[in-house]
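Both chains come to you apart, so use the hints to assemble them.
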Amino acid sequence: MAVYHCSINGQNRQIESADPDQPLLYALRNDLALTGAKFGCGLGQCGACSVLVDGEAIRSCQISVSQAVGKTITTLEGLGTIDNPHPVQAAFITDQAAQCGYCANGMVINAVALLMRNLKPSLDEIKQALANNLCRCGTHDRILRAVMRASGQVMP
Amino acid sequence: MTKTTDQNADPTMICVPALNRRDLLRATSALIVAFASGATQAQQRDTPHLKPGKSLKTDEVDGFIALAPDGSATIYCGKVDLGTGLRIAIPQMAAEELGLPLEAITLIEGDTALTPDQGPTAGSSGIMRGGVQIRQAAATAREALIGMAAQQWGKPRTELSVDDGHVIANDTKERLAFSALLSGKPFALKIDEKAPLKNPAAYSLVGKPLPRPDIAAKVTGQHPYMHDVKIDGMLHARVIRPQAVGASITAIDDTAIRALSDVKIVRIKNFLAVVSRNEWTAIRAAKELKVVWSDPANLIGHDKVKSWMLAAASDARQSAGKEVLTQKGDSAKTLIDSKQVLSASYYWPLQSHASMGPSCGIADVRPDGVTIWSASQATHRLRGICARILGLPLDQVRVIYRDGSGCYGTNGHDDVCADAALISKAIGQPVRVQWSREDELGWDPKGPPQLLAMRGAVNGEGKLAAWETEMWLPKATASLPNIPLLGPEAAGIDQPQGLSTGLISQNAHPPYAHPHLTVRVNWLKDSPLRPSNIRAPGKIANSFAVESFIDELAASAQRDSLEFRLEGLTDPRGLAVCQKVAELMRWQARPSPAKSGSLGRGFSYVHYKFNETYVAIGIEVEIKRREGAIVVKRIVCAHDCGLVINPDATRQQVEGNILQTLSRTLYEETQFDTAKVTSVDWQSYPLLTFPDVPELVIALLDQPHLPPLGAGEAACAAVPAALANAVFDACGARLRNVPFTPDRVKVALARGYA
Chain A
29 MAVYHCSING
39 QNRQIESADP
49 DQPLLYALRN
59 DLALTGAKFG
69 CGLGQCGACS
79 VLVDGEAIRS
89 CQISVSQAVG
99 KTITTLEGLG
109 TIDNPHPVQA
119 AFITDQAAQC
129 GYCANGMVIN
139 AVALLMRNLK
149 PSLDEIKQAL
159 ANNLCRCGTH
169 DRILRAVMRA
179 SGQVMP
Chain B
39 MTKTTDQNAD
49 PTMICVPALN
59 RRDLLRATSA
69 LIVAFASGAT
79 QAQQRDTPHL
89 KPGKSLKTDE
99 VDGFIALAPD
109 GSATIYCGKV
119 DLGTGLRIAI
129 PQMAAEELGL
139 PLEAITLIEG
149 DTALTPDQGP
159 TAGSSGIMRG
169 GVQIRQAAAT
179 AREALIGMAA
189 QQWGKPRTEL
199 SVDDGHVIAN
209 DTKERLAFSA
219 LLSGKPFALK
229 IDEKAPLKNP
239 AAYSLVGKPL
249 PRPDIAAKVT
259 GQHPYMHDVK
269 IDGMLHARVI
279 RPQAVGASIT
289 AIDDTAIRAL
299 SDVKIVRIKN
309 FLAVVSRNEW
319 TAIRAAKELK
329 VVWSDPANLI
339 GHDKVKSWML
349 AAASDARQSA
359 GKEVLTQKGD
369 SAKTLIDSKQ
379 VLSASYYWPL
389 QSHASMGPSC
399 GIADVRPDGV
409 TIWSASQATH
419 RLRGICARIL
429 GLPLDQVRVI
439 YRDGSGCYGT
449 NGHDDVCADA
459 ALISKAIGQP
469 VRVQWSREDE
479 LGWDPKGPPQ
489 LLAMRGAVNG
499 EGKLAAWETE
509 MWLPKATASL
519 PNIPLLGPEA
529 AGIDQPQGLS
539 TGLISQNAHP
549 PYAHPHLTVR
559 VNWLKDSPLR
569 PSNIRAPGKI
579 ANSFAVESFI
589 DELAASAQRD
599 SLEFRLEGLT
609 DPRGLAVCQK
619 VAELMRWQAR
629 PSPAKSGSLG
639 RGFSYVHYKF
649 NETYVAIGIE
659 VEIKRREGAI
669 VVKRIVCAHD
679 CGLVINPDAT
689 RQQVEGNILQ
699 TLSRTLYEET
709 QFDTAKVTSV
719 DWQSYPLLTF
729 PDVPELVIAL
739 LDQPHLPPLG
749 AGEAACAAVP
759 AALANAVFDA
769 CGARLRNVPF
779 TPDRVKVALA
789 RGYA
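Taken in sequence, the protein lines are chains A and B.
Just so you know, the first sequence maps onto residues 29 to 184 in the working numbering.
Just so you know, the second sequence maps onto residues 39 to 792 in the working numbering.
Everything labelled a hint here was simulated from the structure, so no lab data went into it.
Just so we're clear, the structure is a prediction, and the values are computed from it rather than from any experiment.
Check before you lean on any hint, since a few could be wrong.
Here are the simulated lysine-lysine pairs, DSS-like style, with alpha carbons at most 30 Å apart [unchecked claim]:
#1 B:Lys325 <-> A:Lys99
#2 B:Lys342 <-> B:Lys563
#3 B:Lys671 <-> A:Lys148
DEER-style ranges, computed between Cβ atoms [as the list claims (entries may be wrong)]:
#4 B:Pro247 <-> A:Asn146: 28 to 36 Å
#5 B:His743 <-> A:Thr100: 55 to 63 Å
#6 B:Ala289 <-> A:Ser94: 30 to 38 Å
#7 B:Pro247 <-> A:Asp152: 23 to 31 Å
#8 B:Asp433 <-> A:Ser150: 57 to 65 Å
Now the stretches of chain B that chain A is said to cover, found in silico as 3 or more residues with beta-carbon under 8 Å [to be verified]:
#9 113–127
#10 384–396
#11 468–478
Ideal placement from N, C-alpha and C gives every residue a C-beta, glycine not left out.
The shape of chain B in the complex, shown without the other chains (with noise of 0.2 Å):
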């Protein structure tokens, strides 16, 4: 690594003696680059393409919609497509109210320079926020297309239609291409919140199953992904996470890693890096690398999260208040009166997002701007990241999305472009960070823990009576940009504070008829390790609490759980799904558990966040006693998600919502100690195999006259409680804490619920 000789081979690297490098490392001073800045050739670069010219506004037509002179069109998309199938559905979607072929599209995705800020992709509004407003643009776009064309022939507009790029007269078919009409022209239109939409039974692209662009080259070799990004002059780097949460560098010594050339070491204050051409190289000097941190114990130990939630929420310290969010007649009084009232509680775990690729990022950060090559879901918010860490106005950064591994949330995306921005800074080129396995399900930031507990009655008339959910709840700080970032944490940069949870108190309660009903939540200051929002935030484990226990009630009234839902449940687009899953299922009437003893059925419903997608599961089980092993044999699913884009774009998705959340359920919990994650690897971190995947049967049922909602999440609200209640109407055993491992299992078994 003292190579002087590579100054010549490169100029980018240039080294510095190792014993220079070893004194800088003693100081304590803010940053210390073990070599020399590359500016000189960071100048030479071209300048990034920060300011294009275009609109950027969401209001306006040109902020999504280009056409070009050669009749082709480009749709700018702040909204990302994280293997979710956006990048088939918004071109659909555009090209059917626009009047233009599909072929003549193309998208571009999350590129902070040329796409409006559309928020995050996040909480299934990709289409049905992000694509809808693409979709008005253009219906604007159109409308203003037909009244050029009306103008130069002299003909009222109700005489003129479009079709395939053109407008054409209705009566002499005469066409006129959008291309001539605009003449290279921008709209310079705001967005008509009132221009009509297309009547759904003209749809010839919405509603069809066309094939995603995407899936050919991810499965020859071809396709881009953020980790296969290369930048000219690019290095390798892997930043150092300390060996305890909250830890600080006290020593680091580099004699193991001296033999290896062409390795730099960054350090601003306990943020660490190591950087080299190679990145076998970068790896190796990571782990040989010898530091020595400070050992604090800051955790609670993920086998003490629950009592830390019940303790913490009577401790003015760790209190952040109690709230009631929902009340309905007198639940309290309700109960005492009733013969029976039945109580429960609830447990879900932290998890982490657990993508299946290590985050990667590129940043360059340049003296006249920056770019960033990121995965993130939300490229935009990024960018204000990037500029605040940097200390650079936010016209100075650029962000340029490229697909990454699943990303379910806010997982390790925005860290490792921070990581690699802080370092690029430091050394004046372009850097890679690829974060490690270790790194991934160790630092990640997780989904937050979650308590219910749960109290009900039900009437002499075997109806549910009165209703209590009682939560407890990290909260999520008011107004929070964004998640801190480890790496600006590290290095003692200022960055807003807080939790960043998603919306975790939705659907606490049950949609069926309860005349009182009381929901309230205690919340909590803090979360056990770094929380973030997760897929279908919160609402995964409110509904199984809810669902769970609206069988626990049918059960003890000796009811059938289906008709004890249907009785209290009026909404017909609910009512359908429900029915539906009925039908997929021959679900007979009579209460749980059944009489075989190993083979169950159990049901589940969410209307998600009570006004978004409709979703019915009915899970089909064996249970195997003696292993206490759960046999997933079916899963059937009715889903509404008002009107479906891309019927198998949509199915793919509820397919994967279903079979990750059964992951969840069954096998995910991020354990930690007092210091860090010791679930690291994926034995320690198991997730769904493909010996489990059982039998899948999903109706989507279409709604073409409806506006389209998220499918995204929903369907995974849906999962746990129905797989709960499929175990106990097998085998009489109820699992209330996740996952739904053979030894809860086994207990369960024993004593009745575990």
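The shape of chain A in the complex, shown without the other chains (with noise of 0.2 Å):
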């Protein structure tokens, strides 16, 4: 059993696994408590099971607990709280954003991601900076509504 040393949420974490490929996502969610990040397909199809690491979007179902050693990660329980969510996920929360809610994981941490590197993205820039991030419900416009709310801007 190895340990894999990486920072989630602020804090040093050892993660323990006999296997180095073993997928980040099921040392967060069986290991760490932290099932934010969900299982949608485990192909890197999905986004359901993304990540921040080192401030990208990464699907965590296609990072190794080896590739993780080192790296910063943020779950989407490190981006805020539900008395103190964080801008994308306030936004999420005003225009009730969820419907069953599995992809919501994936939506938010892929909007901070965007945002990080565009301040203020056109819709369309929203629309593709998502595309591969899939929802079944039909969220999707809320789900742009509060992307452009988080960014300061209202749906045109």
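Structure below.
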């Protein structure tokens, strides 16, 4: 059982795993009680398991525990809380931008990553940034609205 | 995996040497568990809370409502919130009717030990039936509390009212808390179907866009989803599905997984699973275990479904009979007498529920009772299924609801719980089964295919003269308690056989004046893959065909398609939604197609099931001819579902209906060869993505004095035809086969239809 060290939500954490190729997702969900990231496909196609790795939105089903070593990782839980949400989370709450909400983790994480590199994205830029994040319930319009709101803009 | 030291580290994990297990696996006995039973540990755990002693009856107030001495209230709801907003809407209805503050209410959903069986959360019935039942219980409770106060004060009931958890004397303003009146006792009352309902003019909660209680937790990672549930001693399992539908196991070779520690194999006939304490280990084992399956070719292939349906209808072995569903006047004669008869056929393919999170369930099968954690839309039904497959009396099984990934009908939730129950029973420990993406798209029960052929004629005045619909549909099996589940089927456990489809023959003719009308159906005994109800079952395909063909008739008569509809429409609520969309689209009367060659508009109207919600939808598109691409610019919807309980949650349901159906219409078809489903990831089964999302304009036409109807499905049914009609208007190409792929658009551009 090897031990892998990384920073998760501002804390140094150890991940024990018998397999260096184990995706980070399972360590987060099963060993670290961080269930915000969701298993959606395991193929890097849907975005439900996204986390921020050194400020970039990465699919945690596609990064192994050994690749996570030394990285600074932020999960949905690390962004904010119900009482003190991150501005993107607050916008999602204001716009009620979730139905089942299973994809919401990926939407919030990718929106945060977008706003870190582009403070005022256009609606089309938001659509492109979220193009590889899937939602089945059809919440897209509210998610776009929420990301516009989080960047201080209103939906055109 | 032969680490015997594990026995000391964790007594629930007892492994046997690999050799023994392999020997066992070669045998064909009914049940092989490659490690010792954990029954001893199971007996030491807490007894599940199977019999709480509260009423579970749907005709008793106490079934639904419990008031605590501290003034708080619990509402027990047999229906569940599938991400639909029921979790705020039901408390709004109950609090409003009972005179309680919303904050006083805790809602318990779907727990079979605590909630009455209100039927599955299906068919848009959450509010329309489930909520209305609870509202009537609340009205009964309120009348009873007023009666108690009247007796205590010696005042007539008419001088009392309720507010904020108290009965209030209108004259003296004296207040008596509900909890004081009840003094800890239950109501012990039958629900009075005649208990008066509050006047909508006095509503303070119903009709308000109150925020849903689950969203803040969902977007901060704090919401406890089914997939996040952890039970003490829980093991992770993966079920290994066959290489072909109906295949059986020929041989198993575990050489490849011997290097993995802590893996067990569970086999019951052709049901095969791997179990581990570690989820990733279970995933690896499932992937690496070598299984040789028999090689049946039971399927017809997705590209042959249409011809199969036509042939099956005239094959005595495959036909389940022909039936005339509706007949008025003499459509056959009128068509013969007509100068020009139009005919067209429309096809809706098999589709997956395609939930974002593959199905997940947990079962804890103990000698003294069974607990199942499930995201099923039908926990009460699932309870019966689990009892049956485990061979236990119903009262030994409890199903607890936890939110899953979006559920749009009977998807894999019931299957996965049956998987977990079989494995947990075999090993005597709680087991969590998580399906893979391939499992979900490959093995969830599919929306059945539908084929419709229309014939119609317009008379000399340009009005609809005659209409005939002929349908080819898999026939649902009467009184089938549930769809046959994969796990029990593979394990050779008897279960009721048959097809479940939902009510798929409704909305099969136009809701406009039609003096001569016939609707026929060719019922088929089978469906190409195991079917189930998927959102707006049947109505989505039927409305696609009906509202497309109406447009084709209008175009053939050079009539404006909206005027053509409206002159045959008399229902004022139907007229209102149509006129609202026309107003929002600034609809100008003219025949289709438009002259632009690339920009178009389409319209569709649906009165859901002909007796529920009214929906009109208008869509504006641009066609990119070279790419065969349909760019959806704007979707306008007017929606009348009666009394609106929570306008924001309702609006969100309508948005979801529209965008999900846009996805189903543009992109989705389950593909399969003769062995199994081949569209098993998001590349081969694509969904709508953000760049496709059009502007949405939604108008809710509230009817405060009418009963609430469903909002979970109706708008779906109006989307596909509005889109097809918009494409035709834009470029004269008629799309009659879903999905509207670029290839089909190009074919339609070349020859007029596809």
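Could you work out which earlier hints the structure fails to respect and list their numbers in ascending sequence? none
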